[in-house]
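Trainee: Sequence:
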Amino acid sequence: MSPKKRIERLSFGKIKAILDMPDLLDVQVQSYEDFLQADAMPAEREKKGLQAVFLNIFPIIDNREEHILEFVEYYIEPPKYSMDECSERGVTYSASLKARLRLSSRQDSDDAGSFDNTLETDVYLGNLPLMTEGGTFIINGAERVIVSQLHRSPGVFFGDSTHPNGTKIYSARIIPFRGSWVEFTTDINDILYVYIDRRKRFPVTTLLRAIGYSLDVDILRLFNYVEEVPLSRKDIQKYFDRVIIEDQVDSETGEIIVPRGSAFDENILKLLRRNKIRRINFLKTKKKDPIFDILQNTLTKDKTENEEQALHLVYLELRSGDPPDLETARRLLHRLFFDEKRYDLGRVGRFRINTKLDMDIPMETTILTVEDIVAIIYFVLKLKVGQENTDDIDHLGNRRIRTVGEQLANQFSVALSRMARTIKERMNLRDSEQLTPQDLVNVRTISSVINTFFGTNQLSQFLDQVNPLTELTHKRRLSALGPGGLTRERAGFEVRDVHYTHYGRLCPIETPEGPNIGLISSLCTYGRINDLGFIEAPYRKVKNGKVTKQIGYLSADDEDKYVIAQANAPITEKGEFIRDRVKSRYKGEFPVVPPDDLDYMDISSNQIVSIAAALIPFLEHDDANRALMGSNMQRQAVPLLKPEAPIVGTGMERKGAEDSRALVVAEEDCVVQRVTANEITVKLKKKGKSSKDGDLKTYRLKKFVRTNQDTCINQKPIVKKGDSLRQGDVIADGCSTENGDLALGRNILCAFMPWHGYNFEDSIIVSERLVAEDIFSSTHIEELELQVRETKRGEEELTREIPNVSEEATKDLDENGIIRVGAEVNYGDIIIGKVTPKGEMDLTPEDKLLKAIFGDKAGDVKDASLKAHAGMNGIVIATKLFSRKRKDSKSRKQDKHKLAELEERFQKEVDHLKKARLADLNGILDGKKSRAIRDRNLEDIIIPEGEVFNANTFKRIDVDQLEASYDWTEEKATNELVELCFEKCEEHLDGLTVDYRNEKHKIQGGDELPSGIVQLAKVYIAKKRKLSVGDKMAGRHGNKGVVGKVVPEADMPFLPDGTPIDIILNPLGVPSRMNIGQIFETSLGWAGKKLNEYYATPVFDGAQLEDVKEKLEEAGLDTSGKVQIFDGRTGEPFDQKVTVGYIYMMKLSHLVDDKIHARSIGPYSLITQQPLGGKAQFGGQRFGEMEVWALEAYGAAYILQEILTVKSDDVEGRSRTYEAIVKGENLPVPGVPESFNVLLNELQGLGLDVKLE
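All residue numbers for the sequence shown refer to the working numbering, where the first residue is 1149 and numbers rise by one.
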């Protein structure tokens, strides 16, 4: 038997898949693996991620160089709790990070280099949150995801701006990973200045002098403006009229005989020869040179004349005071740019500078070099004179991605730097003899930084978990916001706009509507992030006009060098282009070129969009704005009770479901042994001589698990016992999947027509059948929790004995006060009973007597139970109670019972394992002759030689006593199988024992709960939400609407064969929105339903109008997609034919039951005494300023007075009014509203004496 048939889609795509799409979660999972390198041996770890951070910070040496603390290796211990346990208990899924540190000390500080005392120990550095296989972190029981950040790459940027007087000002900014920012900029007078850290400026030549180019001639020589000529040349006359660029000095008197800037002539030549000057430096250029003019202006502006003066000036500008000596000034400049500890361009910065300036400085050099500074200055000069172009800041070559791994490494770098400071301080203070690495390390430093990052960082986000697609797109999101990024207010239009380099890298469609538009985007389907953090897109290589199978990944910078053909360019089987002119892309242009001019070709038509947009069929027929809404609304689709894969898909449904980890997939080839609702057991198939042959593997399914958004994950098996599975086959569907395909909604018979005005303004009319048959019903799970704390007045207690509460109200509570599983819950019901001690009062003698007789029970307690909130109704599906270790007899009794259960379960599993081993042994040895088999000590013979093995051989023997590695028979292969059988059993037994010990430890040690909390009770309530008026629904093309009416099936329009329509959409919602894709989908969906086929129509490579017509004809339908339908109420035909078909509709997580809200009386604000606002606070509706104007316009004075006083903040008046209504009396006169008193108090606070007359 084979598993349930997977959905086979008939594809309309013409482009063959050349490259498998990468795992869509690699952006998260791979990045974290590279950061942690947990699977690598410590000695084999590469210098990246956490390893690189440790190597950069260590060794740490104290000021006197008496102690040195070195890093040896780090390792990660296994996590204490599983992921499920962490979610239930509300703790972080993390593991202990330990580092082996070596502390070396020496007694004699004069003896440099030799340490006589070395101590190497393992030091605990705190807990490190671990990533789950789905790319998320569990922090305090909630799943979170670290979003990748898109930020400006380190390196050099050349830009321009315009001065108010119209002059163009050019600048170069060097941005490092760590260290000072430097900016070179021209001004309106054509002088080149340098800014350091955006502080005071000084001429660039001052900086050049300070770094060693002391004289003008040295500086001009850098830019190739100096020509040195010996005066003894015969053709010296040809240099007449050339400019002398340095003062010529009499060697004896020191007097300037020829000032710089003089024009060389016969007289000067004689003068120089007379003074025995042999060589002279001329300015190279004769004609006017604008670059030289800027340098000349700058040199003229520069007040310094040599290195000493320049260093003095730089120090003065940066420190606002004179340097104590020259060396101090030189050290300051060195520390700014040339010290690896303080300045770091990173590999990325070095790569960017090398590529931009065409230099070949080694990648390991991550500080600035003199060559860099000179090349950058020269580039700015060339910019000024129009020989170079400025950078485009929005080009993806200038923006890079900070993935999870890099963000975590940065946090660790900050934490370890702080720790290094405290370590140094402790080394200086402590006595060397008692020093150990543990004394030096402060664990809290790392923990606090990491916890702050996961808890409060803008990029650490609560996982959006409505459906599998939502999770997937959240993990692939790229944000330009966050620390070191942009802010919403400052981001202009250019940053948000689509750039030509986004092609194949960032999706041009999927981005939020609203203030974050363009700042938050999604990675394209084939995009990947390289080791420098730049996004790369794959392309097929084109050689000599022929497409090859060779794949090249290009970054945005690389792509600018090539001409790239589109994926849908027609080619032959051999890869030759059919047309002699091919549409292509080059930078931002779209030339049509001959095939020989092409360098690359796109891989696939859907490589330009994200996974969410790639799920929209006929995307090419939709307006971009509606496609944006469509891709965003798919992420809001609620998982339905009965999901259904779309008839018209794009072929990406399988990939989306697999990579979201919603499905359970076979990890190896296997045969299904046993299937239950909770788990699937498979027997692994033999692969060669694999030791895994015949091994059993159990896949546990998630049943009714609550997500972050209260939707429900429930996995269902889709295989049967005996099914043969290949690696990668789907064995269980998750939420929103059907047979391994993503299924966010349902295929519904739809008509585009108006109907009695009920679908006015995007309203949607649905048939009662959809409600009755649970077609759009969904399950939602709400988690309620109650904490039991220790208070000053004593400990709170979970109990069903609640004061002043009837027996009826507590009938469903157990002895712990927790509601039973299966109970129905409605508004006001007690869910968890809890009492809390009241304040101590003076007891009367009678109370004292009662207390003495009955103990504390007679004491005063008040009800602090958890009750169901307004609008709640559902069924309790699970309850959990976590308790700290307590010493009372009741707790001991419970622990004893749990331990007995655990022991029994463990024993059963061990017995089951041993029975399986016995069966395997019988199978291997049946009919074989024994050699003398001894016990484990190799002393006694247990099975005599020559005995033939049969089913009874092992009945009288304890198999555990036998030696496995001994030769059991004459056949070597059989002996190996026996040994393997024992090894397998031993391995499983070890695993069981470890699990048993862990469980036992948890029972004996109690549950880990936050401080101050003694017990934690959780109740899970499942609610079934049927489709109702007010629910939001949408298709995949941005065609959204609200259910306006649920119509009886009999009243709905019907087809000629009597089939009633299920849903009616307004036809006016199509033309102006320009999302014609929904019409294509409707017609093709109808054909698919009739022909019982599923289609894949990939984006930009899908079905054409002719294909849709062909399918309609094949199905025996009208090729126009329109049909005559009849009124369900009268039975008469409608005037015109109507477009009918199957459209894929989703129910979105904007459910009316969560939004509907009413209040009579409720909580009030403390200061203003006005009712609170919002459903969560059980608040009222705000009657604001404009609403007051409306009533004033009608002159409704009494209604207005009532609203502003007794219905709002007239405290006395509202209670008197309530009383009057209850008694049936006339309403009292309103009093003074509290907000008036607040105004009076505020005026009095300002010192005004306000009196009411």
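These aren't lab readings, by the way, just hints derived from the structure by calculation. Wrong hints could be hidden among the right ones.
[As the list claims (entries may be wrong)] FRET-style restraints, in silico, Cβ to Cβ:
1) 1313 - 2389: 30 to 40 Å
2) 1631 - 1511: 21 to 31 Å
3) 1512 - 1574: 57 to 67 Å
4) 1698 - 1562: 24 to 34 Å
5) 1534 - 1574: 18 to 28 Å
6) 1187 - 1584: 23 to 33 Å
7) 2059 - 1574: 47 to 57 Å
[Stated by the list, open to error] No more than 27 Å apart at the CA atoms, straight line, and that leaves these computed lysine-lysine pairs for DSS-like:
8) 1386 - 1864
9) 1449 - 1530
10) 2323 - 2285
11) 2174 - 2148
12) 1709 - 1735
13) 1790 - 1709
14) 2399 - 2371
Treat the numbers as computed from the prediction; the structure is a model and nothing was measured. We put the beta carbon where it would ideally sit given N, CA and C, even for glycine.
Trainee: Indicate, hint by hint, whether the structure satisfies it.
Mentor: Verification of the supplied hints:
1. 1313 - 2389: 30 to 40 Å: Given about 55 Å between the Cβ atoms, the range is violated.
2. 1631 - 1511: 21 to 31 Å: For residue 1631 and residue 1511 the Cβ distance comes to about 27 Å; the hint holds.
3. 1512 - 1574: 57 to 67 Å: 33 Å, violated
4. 1698 - 1562: 24 to 34 Å: For residue 1698 and residue 1562 the Cβ distance comes to about 43 Å; the hint is violated.
5. 1534 - 1574: 18 to 28 Å: Distance hint for residue 1534, residue 1574 is violated at roughly 59 Å.
6. 1187 - 1584: 23 to 33 Å: 31 Å, holds
7. 2059 - 1574: 47 to 57 Å: At roughly 56 Å between Cβ atoms, residue 1574 and residue 2059 fall inside 47 to 57 Å, so the hint holds.
8. 1386 - 1864: 94 Å, violated
9. 1449 - 1530: 20 Å, holds
10. 2323 - 2285: It is violated: about 46 Å lies between the C-alpha atoms, which goes past 27 Å.
11. 2174 - 2148: Given pair residue 2174, residue 2148 is violated - Cα atoms ~44 Å apart, limit 27 Å.
12. 1709 - 1735: 8 Å, holds
13. 1790 - 1709: This hinted pair is violated, its Cα atoms lying about 51 Å apart.
14. 2399 - 2371: 36 Å, violated
Consistency with the previously given hints fails for numbers 1, 3, 4, 5, 8, 10, 11, 13, 14, ordered from lowest to highest.
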